[in-house]
Amino acid sequence: SQQGEEDPQALSIQEGENATMNCSYKTSINNLQWYRQNSGRGLVHLILIRSNEREKHSGRLRVTLDTSKKSSSLLITASRAADTASYFCARLNYGGSQGNLIFGKGTKLSVKP
Amino acid sequence: GAVVSQHPSRVICKSGTSVKIECRSLDFQATTMFWYRQFPKKSLMLMATSNEGSKATYEQGVEKDKFLINHASLTLSTLTVTSAHPEDSSFYICSARVRTNTEAFFGQGTRLTVV
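So the protein sequences, as listed, match chains A and B.
So the first sequence is residues 1 to 113, counted in my numbering.
So the second sequence is residues 1 to 115, counted in my numbering.
No lab work stands behind these hints: they were computed from the structure.
Because the structure is a prediction, the values reported are computed rather than measured.
Idealized CB from N, CA, C, for every residue including glycine.
Careful: at least some of the hints might be erroneous.
[As the list claims (entries may be wrong)] Below, a sample of chain B positions facing chain A; criterion: calculated Cβ distance under 10 angstroms:
(1) L76
(2) T80
(3) I93
(4) G109
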């Protein structure tokens with residue numbers, strides 16, 4: 001399968017705690033992207049990290065990328081109940097027709113108030 | 001960011017009927033749009049790539065006669081599920097990008113239930 005893998009598959013934490021989600025992939029990348037999906041909704045882009053970047057921040061989000069290990073992590077600091085959602089990493093499919101994204105299996109995050 | 005609008009958000013139809021789902025890029029032109037299907041608690045699986053003015057490119061295992069895609073303009077792609085069956089019940093999502101290698105923008109998704 002070309003899909004990446006996220007772990008954990010599910011994560012349950014208390015408000016205020018940090019949440020870390022990991023993503024591994026199998027091929028070379030130009031960039032890696034993280035998306036969020038609220039239940040029954042479309043995906044929202046969170047952050048894009050390029051292959052020559054090692055770390056990127058956006059508000060309470062911190063993404064790291066280790067191309068030697070083909071892995072990335074998404075850290076949400078000081079989590080809130082509103083962060084409850086599924087989080088997916090995605091990479092460009094170079095072998096595909098016009099560059100669709102290939103998504104990982106996702107991590108379902110539950111933040112308890 | 002750019003906006004992609006998908007309609008309807010929910011639809012219930014009877015077996016054997018056809019359902020059309022629309023995907024519009026509201027503030028940019030999209031020569032390419034992507035249609036995904038998502039099963040419960042699963043990731044997104046690409047069904048087809050929709051190309052403006054030409055035939056769609058379908059992924060292996062996706063029946064092109066069942067899932068008809070039309071990309072008639074630079075801002076509209078439609079997915080028609082023909083002769084729907086209960087196993088077609090799923091969550092369908094479209095996406096588009098302003099440029100290749102940048103982030104994708106997604107429609108709100110369509111929950112299709114075939115009864």
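**Q.** Hint check, failures only
**A.** 1 and 2
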